[in-house]
Amino acid sequence: MTLTAYIEGIGLCGPGLTDWTSAQAVLGGRQPYQPHPTILPPPALLPAAERRRSGAIVKLTLATGLEAIAAAGLDAASLPSVFSASGGDGANCHAICEMLASADRQISPTRFHNSVHNTAAGYWSIATGAMTASSVLSAYDASFGAGLLEALTQVVVDNTRSVLLACDTAYPEPLHHARPIPDAFGIALVLAPQRSARALAKITVSLTDASADRLDDAALEALRSAIPAARGLPLLRAIALRQDQRVVLDYLDSTRLAVAIALC
Amino acid sequence: MNPLWLSHFTATSSIGRGLDQTLAALRQRRSGLAPCTFDTVDLATFVGEVAGVDAVQLPAPLADFDCRNNRLALLGLMQDGFAEAVRAASAKYGAQRIGVFIGTSTAGILQTELAFRRRDPVTGALPADFIYRSTHNIFSIADFTRQYFGLTGPAAVVSSACSSSAKVFSSARRMMAAGLIDAALVGGVDSLCLTTLYGFNSLGLLSAQPCRPFDAQRNGISIGEAAAFALLERPPEHLAAAAVLLLGVGESSDAYHMSSPHPDGLGARMAMQDALKMAGMQPAEIDYINLHGTATQSNDAAEAKAVAAVFGATTPCSSTKGATGHTLGAAGGMEAVICALALQHGLLPAGLNTRQRDPTLNVDYLLDNREQPVACVLSNSFGFGGTNCSLIFGRAGKP
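One line per chain: the protein sequences are A and B, in this order. Residue 227 in numbering that gives the first Met the number 0 is what sits at position 228 of the first sequence, and the numbering runs on without skipping anything. Residue 251 in numbering that gives the first Met the number 0 is what sits at position 252 of the second sequence, and the numbering runs on without skipping anything.
If we strip away everything but chain B, and leave its shape as in the complex, we get (with noise of 0.2 Å):
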């Protein structure tokens, strides 16, 4: 493929507000994730809740957006200056020539849940003030988002589950490369409801620790929840050395099961070969692996196995949901924005609540910090009904 750049980007989880918090708490190791005290949850497990969110109000003319996941995104696109780097592509190259794709597994779906316990007792109507198309629906995050920057050119939500927003970097790749669009506003935005919370504790996969992933005594996932944009461009002529770009994207399918992975990583392993493939680059060249890592029994022995087959035993590697919790839809862009963090300050995030490794799975997970050159990475997500995808970022210039 082309390259493209990731002319900016930003990220607001657990960790953090913007860029700064969150390579701060990268570099001091620290966890967003706390006991859940989200709504009126009765489960015994840890968040990666974001402060103040709640707080954020949506201008006037989008109060019909108006629900947590909207203010998540609103609170993220403030920070880092990302709202007017949108406002600034807008200007330059047109409104129309601007895509717009968002990842999210939920969308508004709390909006729903909440307007379900206000339901009329007679007639079973929801609630007057209950707006389906602007909140549930899960289109409304990139609606939002369009809207709030007048944004005219081809637009959807990606919604395949916690691959979602690793998957939008597919989609503006080719409506780039296709002509149809000059830039693209891509990212991810999921946020904590009711339906994330109990769906994962029925399935038996909710922690009730902070999630220890590729720990020998691993036993689920936190949930966390995040807002990730990054602005894809054309690269022009001279770029900074440590200017981000997006090389290569690997996508599969497992076909195997709707919410277990394939024992062997078979669907995973595809998805890092043909991003290896489509950046024209070999295994070695891969200085960090950001893990799915949602330290589930099966998902990390899964994955294990994939990186293991693809890169051998020593590529160093790790799982940032240990320090976000597991954003969901967002996930695979708040780790694009993880990864362009590592290339441009020479970081390798360690794993956090890992205390020993999981000796059956023959990879090398950091346990702790290391700053060195990064060139290349890559970053994995996946989703239930078996959705991988592989991005593949490396830095322009050599570190």
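One chain only, chain A, in its complex shape (with noise of 0.2 Å):
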């Protein structure tokens, strides 16, 4: 069983990556990796107050998918979405965490709505004034493949374009410890069920035993391995490329997703 779709756009954000229209001179191989912090831009979109609220995941979702659909010349408001990261908001959740082991138990009112794992699908429906349906999901190390997955079959079940959001940040210590994401990264895909004059590739994708694809350098392969959102680095670096290829993606312990790249 294999699903298929167009990419028309891409968004991407990471340490050392700005975003896919400077970084695909590096994924290509054409510039050296150069790492340093992930550089947050300020959510623009959202309301004042909103945007004092956001955090390190609002941000970066919201970066990563506007550039991708400004790629793509969509409207946000018209795309369904896939949220997909392995946790929410870190120091958010740190900062309740201390809070509640405390003697003063009383967490604001902005802290926990933040705690919720589709605070950034929140935040983004209010930026983008999208009222339409949005997957928010998790699957720890597994979560750029589910959340792939999901927007390929609202794209081919459902016959529409579909934005997939992928999105990871740090926690502080000790959680830091406990789950070691060294920093923010994210990888949006504009996705769609037709070709259009606006298509990137065209993937079609299947489930497979076979292992996922590693990068060659070697900075790079340790950001695919230590952020999940990263995993989903061979396909954008395939892509950068400009080259047919067949990458396999990591997914869950029990199965992969090999993915036919044909640039269009």
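Simulated from the structure, these hints should not be mistaken for lab results. Be aware that a few hints might be false.
[Unchecked claim] Incomplete in silico selection of chain B near chain A, CB under 10 Å:
1) Val40
2) Ala43
3) Ser104
4) Ala114
5) Asp119
6) Ala155
7) Ser159
8) Thr195
9) Leu202
10) Glu250
11) Met269
12) Gly385
13) Thr386
All C-beta atoms in this analysis are idealised placements derived from N, C-alpha and C, irrespective of residue type, glycine included.
Two independent chains are provided; combine them into the complex using the hints.
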């Protein structure tokens, strides 16, 4: 069983990877990868109150999603969405757990509503005005694969475009020790059921027992293996290389995703 | 959509373990809400706590998953022969052809809340016995479930606050229609924790009484916990008349506010209309609506406007949260099972604790149980972040 979709736009943000436009030369091997801490753009699209309350996962989601949708020339309000992340706002989670373990348990309303896993999805719909369906998922290290499959089933079954927003952010200590995600990293993909003039690549995805591809560059491979959303990097690398290719993306321990990429 | 068959289902909440106890409680109008004595919580509120959760022992190979949320999941899976049904489906279709999609809002966060009380006084480190992946992480509940049954197909947790375990039906629908799987284990599991109790308290949304949905004097929610599961399969050629089918799903986002619903219930209206459209049904064909009905001022007002806009004022409806409490990420699954019971047993369950209906809410809110043939029902689940999901279930044959 295979699922086919067309990638119309890509967003990327991570350590040493400012956006998809500039990162293509790095992922394609034409420029060296120079790691530096992730730079999160301020979420200009949000109203002031929400902007003040938004954490790293919200900024990352908005930055990557809006880059992908702008590249596809689409209106974000029109797109169903899939948000996939191993966890939510790590700094916010830490602050809540610290307060609940203290003598004063009166956490703030903002802390609480930012604690839900769909925080980024909520801010996204407020920022973009999207009243469309959204799926908000976690599958721990398999979160990118789970999000890609969910978005593909939206595209194929419901015959609609969909935007996948796979984003992960770091916890402060002591949770960082238990879940050592090193920095914020996100990939957004606009997927379409039919080929359009904006299509970048056709992808055909199936489940496979094969092992996930690794990246040749040791520093990029370290990212891929440390951050769930970065498990999608082999797909972006193939597009950056401008090569038709078959890659295997990490997913669950029991199954991976084989992705045949044909450039448009 | 092609209807999907709920070949097996089960629910465990404060009103009972399994279907027989749940149905009996609904018939007897018995609420599971009681004054909160959970952990060290010092809030004057009522909760729907499931008795005996902490006595549940996980199998030794899955000991890393031990936390209240997974104990509650296992307790739920043990009821009504559900675990046996999953194993039979695994043998029939193959373990790789069954998907696992579970909704939760907080998974095993309680484990982390407790661990933060035991941080190393010098280094601040969490205790060595704290295992993030299989307790705190939001995926832990789906991972536990798939490992418990040895299922190897696609899996994910859906975590969109209080719509989570309604939306799992949508994920499963697409996965089955895409041909990736032949059956799906869907459900919702959420358990009591301090984050939600103190969090809803901070918003002023926690009632000091058992919650009173759609009451003129309603003043907030009562939090509950639950584990509810369903096994979804393609319907065979011949189904018993009382078999329950998923007929439609509608999803939307409010794009309005993080913790308040759209005041006119616009997103809720869109979700209900989309569910009807997917089912190919008219509003008049719905015999009963299981409301989200949290008993906050704003939720019930917005939902009533949305229901009235789609259905008018004559479709019988109620919230069962007066019985179970608001089971948050498990509410969609819990109320899907209540809908299935309503269809199979011809019971429209009354809303409990509601003394005087809010006269400004223009819907037919049930204060007494009704026994009547029930062919089709709709269930609403809405959540923080403005996430909305409506499900339509129907009987395979005429009641």
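Each hint tested on the structure:
1. A hinted interface residue such as B/Val40 counts as satisfied when its beta carbon comes closer than 10 Å to some beta carbon of chain A; here the least separation is about 9 Å, so the hint holds.
2. Annotation: interface hint on B/Ala43 violated; nearest CB of chain A at approximately 14 Å, more than 10 Å.
3. At a threshold of 10 Å, the smallest CB-CB gap from B/Ser104 to chain A is about 6 Å, leaving the interface hint in force.
4. Taken as an interface hint, B/Ala114 checks out: its beta carbon lies about 8 Å from the nearest beta carbon of chain A, inside 10 Å.
5. The closest approach between the C-beta of B/Asp119 and any C-beta of chain A is roughly 8 Å, which is under the 10 Å cut-off, so the hint is satisfied.
6. Look at B/Ala155: its Cβ gets to within about 4 Å of chain A, closer than 10 Å, so that hint holds up.
7. Checking B/Ser159 against chain A: minimum C-beta separation of about 4 Å stays under 10 Å; hint holds.
8. Interface restraint check: B/Thr195 against chain A, minimum CB-CB distance 8 Å, threshold 10 Å, status holds.
9. Hint status for B/Leu202: holds, given a least beta-carbon distance of 5 Å to chain A, under 10 Å.
10. Taking 10 Å as the C-beta contact cut-off toward chain A, the hint placing B/Glu250 at the interface holds, the least distance being around 4 Å.
11. Look at B/Met269: its Cβ gets to within about 6 Å of chain A, closer than 10 Å, so that hint holds up.
12. Interface hint status for B/Gly385: upheld, as the beta-carbon distance to the closest one in chain A is roughly 6 Å, under 10 Å.
13. A least Cβ separation of about 6 Å between B/Thr386 and chain A falls short of the 10 Å threshold, and the interface hint therefore holds.
Hint compliance for this structure: hint 2 alone is broken.
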